[in-house]
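Let's have the full structure, built from the sequences with the hints guiding it.
Protein chains: 2
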Amino acid sequence: MSIRPDSRHLYLQVIDQLKRDMKEGKYKEREKLPSEYELSRMLGVSRATLREALRVLEEENIVFRKHGVGTFVNPKPIFSSGIEQLNSVTAMIEDSGKKAGTQYITSEVTKLSAEDKEQFADDELQSVFKIERVRTADNKPVVFCIDKLPENLLPQNSIKREESLFKALEKYANIHVSYALTRIEPVSYQQRIFNILNCDPSQPLLLLKQLHYTEKDEPVLYSSNYFRSDFFRFEVVRKRM
Amino acid sequence: MSIRPDSRHLYLQVIDQLKRDMKEGKYKEREKLPSEYELSRMLGVSRATLREALRVLEEENIVFRKHGVGTFVNPKPIFSSGIEQLNSVTAMIEDSGKKAGTQYITSEVTKLSAEDKEQFADDELQSVFKIERVRTADNKPVVFCIDKLPENLLPQNSIKREESLFKALEKYANIHVSYALTRIEPVSYQQRIFNILNCDPSQPLLLLKQLHYTEKDEPVLYSSNYFRSDFFRFEVVRKRM
DNA sequence: AATACGTCAGAGGTCAGACCTTTGAATTTA
DNA sequence: TAAATTCAAAGGTCTGACCTCTGACGTATT
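In order, the protein sequence lines correspond to chains A and B. Going by our numbering, the first sequence runs without a break in its numbering and finishes at 241. Going by our numbering, the second sequence runs without a break in its numbering and finishes at 482.
FYI, nobody ran anything at the bench for these hints, they're computed from the structure. The structure displayed is predicted, hence computed values, not measured ones. Treat each hint with caution, since some may be false.
Examples of chain A residues lying across from chain B (beta carbon under 8 Å, computed) [to be verified]:
| # | residue |
| --- | --- |
| 1 | Leu154 |
| 2 | Gln156 |
| 3 | Glu162 |
| 4 | Val177 |
Now the stretches of chain B that chain A is said to cover, found in silico as 3 or more residues with beta-carbon under 8 Å [claimed, not checked]:
| # | stretch |
| --- | --- |
| 5 | 291-304 |
| 6 | 433-446 |
Under the rule of at most 27 Å between Cα atoms (straight-line distance), these lysine-lysine pairs were calculated in the DSS-like manner [claimed, not checked]:
| # | chain 1 | residue 1 | chain 2 | residue 2 |
| --- | --- | --- | --- | --- |
| 7 | B | Lys307 | B | Lys339 |
| 8 | A | Lys216 | B | Lys269 |
| 9 | B | Lys307 | A | Lys216 |
| 10 | B | Lys267 | B | Lys307 |
| 11 | A | Lys66 | A | Lys19 |
| 12 | A | Lys209 | B | Lys480 |
Beta carbons are placed, not taken as given, at the ideal position from N, Cα and C, and that holds for glycine.
Spelled out as C-alpha cells, the structure:
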C-alpha cells in the first residue's frame with residue numbers, strides 16, 4: 001500500500017540501473033553498450049522494455065544510438081551540470097567539492113504576499129513559514145535563500161536539524177520534491193542582499209525563483225535563491241524544434 | 242490517415258504529427274488522447290512505434306500517461322516558453338506579438354579571441370565574421386547581439402537580407418542549427434551596452450552565451466545575447482533525478 | 001440510505017519472436 | 001590497388017499476446 005519498494009515500473013528501474021552502472025564506470029564515456037538483445041538478457045527484461053529505457057536515456061542526452069551500429073555512452077559535458085537538473089543547493093555546493101554550510105537569518109510565520117498567493121494558488125492557505133538563510137561553501141557565503149512553505153508542513157525547528165530543506169521534507173513530512181518551475185532573473189543591485197553575500201555590485205547575482213512540486217503536482221515550496229555568479233554556473237542545452 | 246513517407250525514422254514522424262495535431266487543436270489541453278491501440282491504427286504504425294513516440298513526448302512534458310487510465314495532453318504553461326527550446330531572437334520577439342526589427346552596429350572580420358578559439362575548438366579557423374546588432378520589438382531595443390561565425394560561411398551581405406541569422410544560414414549555406422550549448426549569466430553594469438539598449442542599471446540584463454551546433458555537432462555560431470529582463474522571461478522545468 | 005465490496009472493461013506496461021533497414025568491414029572482383 | 005559485392009551485427013518496426021492498474025457500476029452489507 002503505502003511504501004512502494006520496487007513496484008515502480010520496470011523501465012524506470014532499468015533506467016536507474018543503467019545510470020548506476022555508468023556512474024560506477026561499468027560503461028564508460030564514448031564506449032559502446034552491449035547490443036539491445038544482450039543488454040535485455042543481462043538485465044532480465046524484454047528488449048521492448050529495455051528500449052523504453054534507452055529511449056529516455058537518449059532523450060536525456062545520456063546515450064547516443066546509431067542505427068546499424070550500436071548504442072554509445074555520451075561524454076557528459078553538460079548533462080551533469082545542466083540547469084534542468086534540480087538539486088538542492090546543498091547538493092550543488094557539495095558536488096563542487098566544497099563544504100556546505102548554513103547561516104540562519106530569520107525564520108518566522110508570515111502572511112502570504114500577493115506573489116505567494118499567486119504561486120501556491122491555494123485559497124485555504126493563510127500563512128507560510130518563511131526561512132531566510134545564507135548558504136556557504138567552505139564558509140564563504142555564496143547563495144542567499146528565501147524559502148516559503150505552508151505552515152505546519154514541517155515540525156518547528158525540524159529544519160535546523162537538516163542541512164537540506166529537501167531532506168527535511170522527506171524525513172519529517174514524507175514529501176518528495178519531484179520538480180520545480182523556475183524563473184531565471186538577473187538582479188540589480190540591492191544593498192541588503194549584496195551585504196549579506198559580502199560582494200560588490202561588480203559581481204552580479206542570478207536569481208532563481210522556484211516553485212517546487214511533489215510527484216502529485218502539489219506545490220510545496222517556493223524559493224528565491226540569489227546565486228553568486230562567480231561561484232555558480234548555469235548551463236542548458238537548448239534544442240531547436 | 243497515414244503518415245507521409247519520409248526518410249526519417251518513423252517514431253520521429255509520429256512525434257511531429259502528434260505535435261501538429263495538438264497545435265492545431267485536434268487534441269486539446271488536459272484532453273485524453275485515443276488509446277494507444279486506436280492511435281497506432283489511426284497513424285498507421287504499430288503500437289510499439291507509437292509508444293516510442295509517446296515516451297519522448299512524455300519526457301518532454303508534452304504528454305502525461307497514467308497506467309490503466311490513458312494518455313493526456315499536458316497544459317502547456319512552460320513547454321512553449323521554456324529556455325530549453327531554442328529559437329532565434331526574431332522568433333522570440335514575434336512570438337510575443339511584437340514586430341521584430343534590427344539595427345546593425347558593426348559587421349567585420351576579426352581575429353579570434355582566446356574565448357572564441359576555446360569555443361570553436363578549430364585550429365584551422367583563423368578569423369571570424371563578427372556582427373553586432375540591436376534587435377527591436379515594436380522599434381524598442383530589447384536585445385543586444387554579438388554573433389560570430391566562421392569567415393566565408395555566408396556570402397558577404399547576405400545576412401542583412403534576412404531578419405534572422407538562422408534563416409540566412411539555412412538559405413545561403415544550407416546549414417541548419419540544431420541545438421546550442423548555453424551559459425546563463427547575469428550582467429553587471431556596462432555603460433556601452435546599457436546605452437545601446439537605452440536602459441538604466443535598475444533594469445538588469447541577462448546574458449546568454451550560446452554556441453550553436455549543426456545536426457552533425459559542428460559548431461557554427463557563437464552568440465552573446467544581452468536580454469532586457471523587463472521584456473524577456475526565461476523559464477525552465479527542473480527535474481529531480 | 002449510505003457504505004463497502006466484487007466484478008469487469010479498458011488503458012497502459014511487458015513480453016516473445018519475427019522481419020526490415022542501416023552500417024561497416026571483410027571479401028571478392030576489375 | 002581500388003572499386004564493387006557480400007555479409008553479419010545492431011538498431012528499427014511489427015504483430016499479437018498476456019499482465020497489471022484504474023475507474024465505474026452493480027450488488028450486498030450495515
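Structure-based check of all given hints:
A least Cβ separation of about 18 Å between Leu154/A and chain B goes past the 8 Å threshold, and the interface hint is therefore violated. Given the 8 Å rule on beta carbons, the hint for Gln156/A is violated: about 26 Å separates it from the nearest Cβ of chain B. A distance limit of 8 Å between C-beta atoms decides the matter here; for Glu162/A the minimum to chain B is near 17 Å, and the interface restraint is violated. Below 8 Å, beta-carbon pairs count as interface contacts, and Val177/A has one with chain B at about 6 Å; its hint therefore holds.
Under a criterion of three residues with beta carbons nearer than 8 Å to beta carbons of chain A, the stated coverage of the stretch 291-304 of chain B is upheld, 6 such residues being counted. Check on the stretch 433-446 of chain B: 5 of its residues sit with their Cβ under 8 Å from a Cβ of chain A, so the three-residue criterion for coverage holds. At most 27 Å may separate the alpha-carbon atoms for a hinted pair to count; Lys307/B and Lys339/B exceed this at roughly 39 Å. Annotation: proposed proximity of Lys216/A to Lys269/B holds, straight-line Cα distance about 21 Å (limit 27 Å).
For a cut-off of 27 Å, the pair hint linking Lys307/B to Lys216/A stands: about 12 Å separates their Cα positions. With a C-alpha separation of about 21 Å, the suggested pair Lys267/B and Lys307/B falls inside the 27 Å cut-off, and the hint holds. Note on Lys66/A and Lys19/A: the hinted pairing holds, with a Cα-Cα distance of about 20 Å set against a maximum of 27 Å. Distance hint between Lys209/A and Lys480/B is fulfilled; the C-alpha atoms sit about 15 Å from each other, no more than 27 Å.
The structure does not agree with the numbered hints 1, 2, 3, 7 stated previously, though it agrees with the rest.
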